[in-house]
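As they're listed, the protein sequences go chains A and B.
Residues are numbered in the numbering used here as their position in the first sequence, beginning at 1, plus a constant of 180.
Residues are numbered in the numbering used here as their position in the second sequence, beginning at 1, plus a constant of 180.
Check before you lean on any hint, since a few could be wrong.
All copies of an identical chain are treated as equivalent in the list; a pair is satisfied when it fits inside any one copy or across any two copies.
[Unchecked claim] No more than 30 Å apart at the CA atoms, straight line, and that leaves these computed lysine-lysine pairs for DSS-like:
| no. | residue 1 | residue 2 |
| --- | --- | --- |
| 1 | 222 | 354 |
| 2 | 233 | 215 |
| 3 | 392 | 506 |
| 4 | 195 | 215 |
| 5 | 604 | 576 |
| 6 | 233 | 604 |
Note that these hints are calculated values from the structure, not bench results.
Being a predicted model, the structure only gives us computed values, none of them experimental.
Read off the chains here:
2 protein chains.
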Amino acid sequence: MADSKPLPSLDGDPKAAEAWLRDVFEIIVEEAIQKGTSTSEKVCEWKEPEELKQLLDLELQSCGEAQEQILEHCRAVIHYSVKTGHPRFFNQLFSGLDPHALAGRIITESLNTSQYTYEIAPVFVLMEEEVLKKLRALVGWSSGDGVFCPGGSISNMYAMNLARYRRYPDCKQKGLRALPPLAIFTSQECHYSINKGAAFLGFGIDSVRVVKADERGKMISEDLERQINLAEAEGAVPFLVCATSGTTVLGAFDPLNAVADVCQRHGLWLHVDAAWGGSVLLSQTHRHLLDGIQRADSVAWNPHKLLGAGLQCSALLLQDTSNLLKHCHESQASYLFQQDKFYDVALDTGDKVVQCGRRVDCLKLWLLWKAQGGQGLEQRIDRAFALAQYLVEEVKKREGFELIMEPEFVNVCFWFVPPSLRGKRESPDYSQRLSQVAPVLKERMVKEGSMMIGYQPHGTRGNFFRVIVANPMLTRADMDFLLDELERLGQDL
Amino acid sequence: MADSKPLPSLDGDPKAAEAWLRDVFEIIVEEAIQKGTSTSEKVCEWKEPEELKQLLDLELQSCGEAQEQILEHCRAVIHYSVKTGHPRFFNQLFSGLDPHALAGRIITESLNTSQYTYEIAPVFVLMEEEVLKKLRALVGWSSGDGVFCPGGSISNMYAMNLARYRRYPDCKQKGLRALPPLAIFTSQECHYSINKGAAFLGFGIDSVRVVKADERGKMISEDLERQINLAEAEGAVPFLVCATSGTTVLGAFDPLNAVADVCQRHGLWLHVDAAWGGSVLLSQTHRHLLDGIQRADSVAWNPHKLLGAGLQCSALLLQDTSNLLKHCHESQASYLFQQDKFYDVALDTGDKVVQCGRRVDCLKLWLLWKAQGGQGLEQRIDRAFALAQYLVEEVKKREGFELIMEPEFVNVCFWFVPPSLRGKRESPDYSQRLSQVAPVLKERMVKEGSMMIGYQPHGTRGNFFRVIVANPMLTRADMDFLLDELERLGQDL
Ligand SMILES: Cc1ncc(COP(=O)(O)O)c(C=O)c1O
Ligand SMILES: Cc1ncc(COP(=O)(O)O)c(C=O)c1O
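All chains, full assembly: derive it from the sequences and hints.
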């Protein structure tokens with residue numbers, strides 16, 4: 181039986197399969213690259229879930245479908261997906277479609293390997309090390325360690341685990357019950373992954389002590405110190421401070437030197453969540469926002485956000501040179517990490533992580549960097565800052581727009597105040613009515629497909645827009661469009 | 181400044197960028213697809229690390245490089261990478277290069293979105309649900325929950341966290357110190373991610389109680405019961421049993437019904453790590469190996485392994501219909517999961533996970549399934565079993581090969597006994613010398629690039645080969661080649 185018909189690799193007929201893949205690639209070029217980045221096309225093609233289900237013909241059957249049919253599925257999948265590479269996609273902390281990064285991603289997929297050993301990922305073991313070295317150098321470290329993780333949230337969790345392990349190596353074996361109650365400090369503006377991590381890693385969310393931020397969203401280091409003393413007085417053992425460089429909503433940068441001073445005084449691990457703001461280190465002009473980052477023990481930095489490397493690309497960087505990452509996570513599985521190999525098994529970095537199979541996340545960033553150079557990337561970042569500043573000035577000029585605050589970064593936060601609410605700030609239901617505006621405008625823009633901007637309430641502030649200026653394709657004209665479009669969509673409100 | 185030159189999307193010139201991407205695609209077709217799956221080409225091109233570094237020109241500079249140069253980098257990256265799609269790649273629990281799955285992966289990369297909300301991933305929110313429903317149906321559940329995770333290790337960790345949360349919902353807030361000492365049970369043959377998870381989630385490795393396996397590698401349910409009683413006697417609270425369907429080395433299937441009986445008697449969460457063996461559920465002929473899986477609380481299943489969907493594709497499936505997954509992990513970030521949206525926010529599944537950004541892992545599997553149908557996939561699996569059986573018979577026939585055991589699955593484990601050791605089994609250093617054979621042969625095959633097979637010691641057994649028969653392209657001729665090649669490589673030993 182086994183030889184009756186060689187099993188279909190590339191569907192039995194390699195030439196047919198290649199031709200078919202070329203057809204797919206042309207669909208990608210047309211739908212995702214050309215239309216997907218063109219301002220004359222929609223950024224999204226909204227459908228209600230029930231209708232979309234029909235359009236996509238999602239059901240999986242026992243019979244396979246014809247190649248032509250599958251091509252149509254490919255086209256539909258792209259057509260009805262949101263175009264995150266589109267210049268009108270301001271919705272998330274990533275936007276754009278860089279061809280070199282995309283090439284890196286596609287090659288990664290065609291090679292389909294895992295980062296565990298030099299044996300099966302020789303190129304990527306070396307490349308990951310090179311890329312991490314470069315990122316560390318930008319942090320200010322000439323040595324250290326690191327690894328790419330499946331996202332910034334998990335990078336942050338690694339930092340939590342490493343800080344715990346450094347303080348209490350026994351924890352790996354004996355668990356948290358063998359330890360005193362621990363305390364983690366982070367600001368009220370931190371990313372929610374700190375809470376998720378505290379729960380997942382068994383600390384419990386209560387172990388996260390929330391430090392006050394100032395009106396710009398920056399951690400107040402005096403309050404950090406106060407919280408640390410308080411925790412100690414309550415019998416908890418402080419061990420970790422998570423500062424943020426580039427907060428998710430306001431784009432604020434915690435004062436790292438002041439925070440590092442506190443950490444130093446108390447002997448605490450300093451982790452900097454620079455998932456969003458880390459890329460600013462590439463800019464000579466703006467990197468002062470992260471002054472002091474070289475004093476951190478660990479840094480999480482997501483090149484998939486501002487640099488547009490593509491999801492996922494998140495580096496956890498460590499100053500440590502004692503192989504803490506490996507000791508903390510290793511389990512020495514003998515089927516992967518044999519010690520009697522014919523090459524230097526220090527190259528088998530897979531045991532540094534809590535994963536087993538691990539995607540290759542370095543190639544897309546490496547190719548992007550090779551193509552742009554550090555200078556090209558720096559220009560992109562400086563340009564994003566400049567365009568964000570342009571947008572801020574326009575917001576200030578226009579009637580009906582109200583800036584939340586002067587941004588430090590490329591998060592531009594503002595209210596759109598529709599005609600019926602202008603000059604009504606004193607009326608008792610003003611805030612409540614203003615809060616209802618963003619959801620309505622969001623619905624309208626998505627249904628028209630003209631653009632996508634995120635909104636949220638925040639602290640005591642009702643819903644406001646957060647525009648992220650990250651797509652390297654953007655021009656001033658796009659900023660003008662964005663404001664004009666909000667006016668157009670909201671003129672009857 | 182911001183308008184001086186529109187920033188290079190697709191490098192400033194969309195047409196040039198498209199042409200460049202087409203060149204990249206042709207390189208992929210040639211190097212990764214044609215050569216990468218051809219038995220007349222090498223499966224790997226071994227280079228010592230120092231030489232490879234030179235060949236790859238890894239360093240990242242401040243100036244960008246020319247497009248032509250970048251194309252050469254792309255070619256080199258592929259050339260020096262291991263071809264995991266090659267029919268002579270038997271090294272890992274995945275092998276092959278399916279064109280439809282690859283198309284799904286490439287489209288995923290070109291869309292570059294994240295699974296958090298219906299807003300930015302409408303197609304994939306619905307598609308993930310459909311694919312998970314299909315996988316659940318194969319487990320035997322007509323309802324339930326689930327999510328794709330970044331690998332089986334993390335799927336296993338989710339199960340641990342969910343089991344803990346169901347028993348002690350307080351743990352999320354208060355942490356493990358508020359709980360009694362907990363005990364997890366798994367067999368000596370389990371995947372190392374159970375230990376890694378126990379450490380990461382704060383239980384500590386000591387909380388994992390190792391249950392004996394029989395000589396075929398299957399968990400002994402009587403020993404499970406004994407261990408549970410022992411743990412209780414020692415004051416620990418049993419809460420979770422991790423059974424394995426398809427162990428990593430031997431490919432053994434734990435007796436799920438017997439294990440489920442024990443779990444039922446003791447009120448324990450049953451997690452089945454079917455990362456490797458789950459795909460057998462598609463085969464009418466072989467799915468009996470997982471009889472009882474429908475009694476599990478959770479199942480981890482990696483379609484990136486036997487089905488060749490591509491890394492990463494790992495489903496965590498749950499029988500639960502109470503929204504446990506969401507309750508356990510949610511943190512209700514207001515900037516993503518606004519409750520005042522214009523669509524049903526139950527579609528925003530992103531808060532079910534500990535990640536924030538999450539890759540789209542469903543499309544590659546969905547396209548593969550659409551193209552092959554359940555029947556096509558079933559045939560692949562049946563064929564892999566049949567070819568593994570053919571290999572076993574050949575191993576038994578040939579002098580110098582010694583089977584470790586009759587496999588249940590597609591892991592074929594055996595020693596190659598070189599001429600100088602044949603008939604010497606009684607000599608005192610036999611085992612030790614035999615153990616040195618596999619590393620030498622591995623070095624030779626890799627340096628020649630003729631094939632790649634993993635080896636490992638296991639229990640009291642010294643190094644033996646583990647051939648994984650997973651690539652759908654394989655024929656009997658490849659099995660014959662494999663054995664001939666081992667004989668050729670080892671004839672002088
Ligand atoms: C400050 C900050 N940290 C961490 C993260 C999490 O990154 P990821 O989505 O890669 O998990 C985010 C995501 O937006 C973030 O803004
Ligand atoms: C039985 C088993 N479970 C879990 C895993 C982990 O899967 P992943 O590599 O996706 O983390 C493996 C990997 O080989 C495995 O064999």
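Now for the hints, and whether the structure bears them out:
1. Proximity of residue 222 and residue 354 under a CA criterion of 30 Å is satisfied in neither setting, with 55 Å inside one chain copy and 47 Å between copies.
2. In this assembly of identical chains, the alpha carbons of residue 233 and residue 215 lie at most 30 Å apart only when taken from the same copy (23 Å versus 39 Å across copies).
3. Within a single copy, residue 392 and residue 506 get their C-alpha atoms only as close as 34 Å, which misses the 30 Å cut-off; across copies the closest is 28 Å, which meets it.
4. Proximity of residue 195 to residue 215 under the C-alpha cut-off of 30 Å is found in both arrangements, the shortest distances being 29 Å within a copy and 13 Å between copies.
5. Proximity of residue 604 to residue 576 under the C-alpha cut-off of 30 Å is restricted to the intra-copy arrangement: shortest distance 18 Å within a copy versus 88 Å between copies.
6. For the homomeric pair residue 233 and residue 604, neither the shortest alpha-carbon distance inside one copy (44 Å) nor that between copies (66 Å) is at most 30 Å.
Of the numbered hints listed earlier, those contradicted by the structure are 1 and 6.
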